[in-house]
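Work the whole structure out from these sequences, hints included.
Number of protein chains: 2
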Amino acid sequence: MARRKVKLQYIVNKSSRRNTFRKRKEGLLKKVYEITTLCDIKAAAIIYSPFDVEQEVFPSHPEVHEMLMRFQDMSEKDKTKNMVN
Amino acid sequence: MARRKVKLQYIVNKSSRRNTFRKRKEGLLKKVYEITTLCDIKAAAIIYSPFDVEQEVFPSHPEVHEMLMRFQDMSEKDKTKNMVN
DNA sequence: CGTTCTATATATAAAGG
DNA sequence: TCCTTTATATATAGAAC
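For the protein sequence lines, the chains are A and B, in the order given.
Each residue of the first sequence is one higher than the one before, starting from 1 at the first, in UniProt numbering.
Each residue of the second sequence is one higher than the one before, starting from 1 at the first, in UniProt numbering.
You can take every hint at face value.
Quick list of in silico lysine-lysine cross-link-like pairs, BS3-like style, CA-CA up to 30 Å: (1) A:LYS42 <-> A:LYS31; (2) B:LYS42 <-> A:LYS42; (3) B:LYS7 <-> B:LYS23; (4) B:LYS23 <-> A:LYS5.
These aren't lab readings, by the way, just hints derived from the structure by calculation.
Bear in mind the structure is a predicted one, so any value in this text is a computation, not a measurement.
The following block contains the structure:
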């Protein structure tokens, strides 16, 4: 979006892809922060990126870990049920 | 945003909060899908909401579970390091 | 490679059904 | 309560540094 509408597909050019990744990651974390604040809920985003040295990025609360634990405890059936595409 | 700028704070009115939650959750999942597609990375969002019957919502791939496993394996120090606020 | 600047695409608050 | 419709706030692609 912005200057030009972009097709929703893999960005081949590496520097463009990297730039888009950085900007969108920032936007995504902001959105997570906002919905968390506005609705007083727990939310987190996990991003695995080949660009960052650190492999996982976590926005949001320490409670995130608790959420993960809860997820781990769910049955496989429930996990599938809660997947959204 | 939209018709009126909204202060970034808890929305007291329940129906408004619920509506905002539903819309923003949808937008958030879309963003996750987009960054995933555009940059060919793995990403997921976890949302704990009192509005949904299901307690956790997961956008994105089956690989998400693998990501969580990797996170579980990280040392406490690394977990803290990867938290972003 | 990372930032900042803007024009434009998107997300979304309110309102209406 | 949920879906549409809009007006407006935000996010962000591309450019320039």
